[in-house]
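Those letters in the sequence shown? Residues -20 to -1, 1 to 868, per mature numbering (1 follows the signal peptide of the UniProt record, and there is no 0), in order.
Accuracy of the hints is not assured; some may be wrong.
Claimed, not checked - Below, a list of computed lysine to aspartate or glutamate pairs in the EDC-like style, where the Cα atoms sit at most 16 Å apart:
{"hint": "1", "residue 1": "LYS474", "residue 2": "ASP525"}
{"hint": "2", "residue 1": "LYS739", "residue 2": "ASP709"}
{"hint": "3", "residue 1": "LYS731", "residue 2": "ASP767"}
{"hint": "4", "residue 1": "LYS217", "residue 2": "GLU273"}
{"hint": "5", "residue 1": "LYS625", "residue 2": "GLU693"}
{"hint": "6", "residue 1": "LYS714", "residue 2": "GLU699"}
{"hint": "7", "residue 1": "LYS340", "residue 2": "GLU292"}
{"hint": "8", "residue 1": "LYS267", "residue 2": "GLU224"}
{"hint": "9", "residue 1": "LYS594", "residue 2": "GLU675"}
{"hint": "10", "residue 1": "LYS305", "residue 2": "GLU235"}
{"hint": "11", "residue 1": "LYS48", "residue 2": "GLU66"}
{"hint": "12", "residue 1": "LYS542", "residue 2": "ASP562"}
{"hint": "13", "residue 1": "LYS761", "residue 2": "GLU693"}
{"hint": "14", "residue 1": "LYS560", "residue 2": "ASP668"}
{"hint": "15", "residue 1": "LYS217", "residue 2": "GLU292"}
{"hint": "16", "residue 1": "LYS208", "residue 2": "GLU235"}
{"hint": "17", "residue 1": "LYS533", "residue 2": "ASP600"}
{"hint": "18", "residue 1": "LYS29", "residue 2": "ASP49"}
{"hint": "19", "residue 1": "LYS365", "residue 2": "ASP328"}
{"hint": "20", "residue 1": "LYS208", "residue 2": "GLU273"}
{"hint": "21", "residue 1": "LYS763", "residue 2": "ASP777"}
{"hint": "22", "residue 1": "LYS497", "residue 2": "ASP486"}
{"hint": "23", "residue 1": "LYS683", "residue 2": "ASP600"}
{"hint": "24", "residue 1": "LYS594", "residue 2": "ASP669"}
{"hint": "25", "residue 1": "LYS761", "residue 2": "GLU819"}
{"hint": "26", "residue 1": "LYS625", "residue 2": "ASP645"}
{"hint": "27", "residue 1": "LYS440", "residue 2": "ASP486"}
{"hint": "28", "residue 1": "LYS683", "residue 2": "GLU661"}
{"hint": "29", "residue 1": "LYS625", "residue 2": "GLU675"}
Think of the hints as simulated: they come from the structure by calculation, not from any bench. Since the structure is predicted, the reported quantities are computational estimates derived from the model, not experimental observations.
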Amino acid sequence: MKFGLKFLFLFFAFVHDSLCQPQFDLDCLRYFDKVLVGFVPKGNKAAGKYTKAGTMLDIKSCTELCCKDKSCNVVFMYNTTCFKIECENDELCQPVMRQESKYGDHVKMVIVRPVSVEFQEDFSENGENEDMIAVGSETDSIKQCDLMEPETCGINEHCVPSQIAQTNVCECKDGFERNMDTICVALVRKNMTGLPNLPTSASVNLENVPKHVESIDAKESTPNPPKKIMVTVISKKVRLPDNEVKLSAYPVPAENPGKPYTYNWKLLSHPHGSEGTVSENQGATLKLSQLTEGLYVFKVSVTGTGAYGETEANVTVLPQKRENKPPVAIVLPAHQIVKLPNSRAVLDASSSKDDNGITKFHWELQQGPLGYQPNLSDTQTLQLKDLHKAGNYTFRLTLTDTDGATNSTLANITVLQVPDYPPEANAGPSVILYLPKNNVTLNGNLSSDDKGIVSWEWTKSSGEQDNAVDMQNTHTPYLQLSHLGEGMYTFTLKVTDDSGQSSSSDVRVFVKPPTNKPPIAHAGSNATIALPQTWTILNGSESTDDIGIDHWKWEQISGPRKAVFLSSNSSVTNVTGLTKGDYVFQLTVIDGNENSVSDRVTVSVTQNKNVPPKANAGGDQTLTLPIGVLIVNGSQSSDDLGIAKWQWTRELTSLAMGTIIDQSDTTPVLMVTNVVAGRYEFRLRVTDDQGEWAEDTVSIIIKQDPEILNLIELTLNIEASKLTQTQRDSVLLKLGMLLRDASQLVVRDLKPDTSNRAKLVFYVSSPSGSVPGPQVVHTLKNKLAQDSFLLQLSVVDIRTTVCQNNCSGHGVCDQETRVCFCESFWMQDMVRKYLGDGESNCDPLGKVVISDSDTDSDVLFENNRNSKSNGTKVSRNGYKPDRRVKVI
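All chains should be modelled from the sequences, with the hints used to inform the complete structure.
Structure follows, in structure tokens:
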């Protein structure tokens, strides 16, 4: 019987569903919460007494009915028909798996209450391992619910009172059943075959079941032993310091009496340095001890008569649980004082400690002023910004570590109300004025407050309303008074601080009659001058005052154009730059009491006779290229009244190159760009208002650039309009690196070429002087030939600004194409041009190239080795016999 019970437990590895609901234990204290799908009782009809409990039931409802029936041991369902079995013994009710497709999901079993207690004890020892292979049944999805809130149930479910517990559960509505996914779906009625429909309350024995119930005959329920043994070993986990464990093998089918199986256990893998110790090996059971942390893998082979099976199992040894130390809460500063109006404080808990880590910081107010309700964030650093009330604040910090242990500490903040003293107003000292001075500024900036003044207010004493005065800036520290009359004035300054406290101060202004007479200004007599005189003397020295004049000031009131004072702050001054017309000048004198008086004088400028203008083109010049803008200054030309017209013209003998810009040929200063070396001559004509004119010529010699033969033009393969300053600087930097270390690259120009590509013009200087241009070109060409992208931007061409090829002394180099135009009887050497160094040159006409080739295709003529030049002299060309000659 013991063997059969263990065999029955082994089948639990093949169960489909689980009925692990705690409320079942109320009526079924020994039921096994596993649904055996595809199993039938081993004794078939002889297993015990069958009672049909109903149709259209699910496995949960069927199990509940069996739980309430004390005589029911096993639940057997065929499709939706429920049978309660009262077993003869546990061995006859032992579940047997049927492999035929007609069984499958159609049959299910649940062991509700075993007949013997021995079965229960055996299952309690081995059946509750977490590694048992089982799938949750529909009862896994049973949810408790509230009859007042039916929406807590799922689709097609409703909340009903449970029949086996004091609670409410969700069940499928009528016409629905729970599928394998625990979802209530519409019930599909099938044509039942197999077990017959028995009366609901009838108690029958399977011997009375008609013979057409062929799915449960005794012959099929005892199949021959399979050749393959299905072996199940439940993997185990153990945590140190426990280092012992037991593995048990459960074969299917079970071994027959008298024909025991042979068990062979083998260790496949183990932690490094430890294999453990087998303390007991009793066939199907292997007991291990002295295990260390890590994973052990075992293989068990089961051999029977004509049958064999094997499987593997793991033993996982977990490390010993860490002994947790509670955290230590630390808040810095633990005590601090805040003085109003400052209302901010910081509490820092970053110094708190824990052996494995802190998971939560929780702040709460322990004590504070009445009405203070802060919103505290659970962060490591607490920032407080609302400590507006004086008093004591106590905050509690609670820490929680990874193991849930907590620790708390307190932090105190004392907020003090600092005394606020009233301000002190200071309107300044009394002031005495002497007429005619009738304005003054009162200064109250000596007023003070411990926390600052927020408002200023000046008022005049109410008892002095008859004294008129103009007051400005009355809400600033500086009061401006004007139009004061003779008498005494009292002004009050009131200052207020941010607490509303105020203070006042008075200041008096005494306005007295003048102590002296105002000065008498005399700008002199009106005057008339005639051109070409353009200046005159203004004399105010006859001005007088009883105590003396301190300041003199001359200014122009009107006139045809602005005059120039040589000294405007003296009694006598010279005014120049006058032209025809009337000028009015004013003299202002001020005495020691700031009494001031003004007087005016008129100067009339006439023209008795027109004097022709004088032209001055600026004088001859000698300049050296490069020149960005040639400037010719004719502004020194003059006229008694003024020049009305300027006109510059280029002399016929002058160079034509050069562009006049900004229409400067009609202004005093002529500006010319794009000048070249040579002689420029310009004529300046100036004309006055009466049509009188004068001319002057200027000659300017432009010398050639001393670096002209050293200038190099490097053309980049980029449009001039797209070249950036960064790219330009990068090219110059890399060019400098390609040259010698002591060399310096001097940029002359950056301009577009005829194809609008950027052209850089420069030369190279060294301590010994400028480096020849051809040498620089040769150096750069060789280095760029090795890597054309050394400058990052590809180079289209690099050449000297001036072609310096002498064409072998028998031709002229074209400046643009750099091709030699040869003299008569001279021609270019094409081999050198296209296959050699690429330089154009001029060689004698008829120069030959000697070839050892016997090919006739490129032979123009053959040289007769016996011929003589001019018929008499032997040829001196040095031709060798049997060679063919090609003329280039």
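We went through each hint and held it up to the structure:
Using a Cα cut-off of 16 Å, the hinted pair LYS474 and ASP525 is violated, with the two alpha carbons roughly 42 Å apart. As the CA atoms of LYS739 and ASP709 are separated by approximately 14 Å, the hinted pair is consistent with the 16 Å bound. Of the pairs offered as hints, the one joining LYS731 and ASP767 is violated, with about 25 Å between alpha carbons and a cut-off of 16 Å exceeded. Between LYS217 and GLU273 the CA atoms are separated by roughly 11 Å; this keeps the pair inside 16 Å, and the hint holds.
Taking the CA atoms of LYS625 and GLU693, the gap is near 43 Å; set against the 16 Å cutoff, the hint is violated. Annotation: proposed proximity of LYS714 to GLU699 is violated, straight-line Cα distance about 20 Å (limit 16 Å). Between LYS340 and GLU292 the CA atoms are separated by roughly 44 Å; this puts the pair beyond 16 Å, and the hint is violated. The straight-line distance between the Cα atoms of LYS267 and GLU224 is roughly 7 Å, inside the 16 Å bound, and the hint therefore holds.
This hinted pair checks out: LYS594 and GLU675 have alpha carbons roughly 8 Å apart, not beyond 16 Å. Distance check on the hinted pair: LYS305 and GLU235 sit about 53 Å apart at the alpha-carbon level, beyond 16 Å; violated. Using a Cα cut-off of 16 Å, the hinted pair LYS48 and GLU66 holds, with the two alpha carbons roughly 13 Å apart. Using a Cα cut-off of 16 Å, the hinted pair LYS542 and ASP562 holds, with the two alpha carbons roughly 12 Å apart.
For the given pair, LYS761 sits about 12 Å from GLU693 by alpha-carbon distance, which is consistent with the 16 Å threshold. This hinted pair checks out: LYS560 and ASP668 have alpha carbons roughly 13 Å apart, not beyond 16 Å. Restraint check for LYS217 and GLU292: the C-alpha separation of about 15 Å stays at or below 16 Å, so the hint holds. A C-alpha spacing of about 12 Å is found between LYS208 and GLU235, which places the hinted pair at or below 16 Å, so the restraint holds.
Simply put, LYS533 and ASP600 have alpha-carbon atoms about 44 Å apart, too far for the 16 Å limit, and the pair is violated. Of the supplied pair hints, the one linking LYS29 and ASP49 holds, its CA atoms being roughly 13 Å apart against a limit of 16 Å. With a C-alpha separation of about 14 Å, the suggested pairing of LYS365 with ASP328 holds against the 16 Å cut-off. Taking the CA atoms of LYS208 and GLU273, the gap is about 35 Å. The hint is violated against a cut of 16 Å.
For the proposed pair LYS763 and ASP777, the alpha carbon gap of about 14 Å is at most 16 Å, so the pair holds. A C-alpha spacing of about 32 Å is found between LYS497 and ASP486, which places the hinted pair above 16 Å, so the restraint is violated. Proposed proximity of LYS683 and ASP600 is supported: the alpha carbons are some 14 Å apart, at most 16 Å. A distance of roughly 13 Å separates the Cα atoms of LYS594 and ASP669; the hinted pair therefore holds under the 16 Å criterion.
A hinted pair counts as satisfied when its Cα atoms are at most 16 Å apart, and LYS761 with GLU819 qualifies at roughly 13 Å. As the CA atoms of LYS625 and ASP645 are separated by approximately 11 Å, the hinted pair is consistent with the 16 Å bound. With a C-alpha separation of about 9 Å, the suggested pair LYS440 and ASP486 falls inside the 16 Å cut-off, and the hint holds. With a CA separation close to 14 Å, the supplied pair LYS683 and GLU661 stays within the 16 Å bound.
Restraint check for LYS625 and GLU675: satisfied, since their Cα atoms lie roughly 12 Å apart, inside the 16 Å limit.
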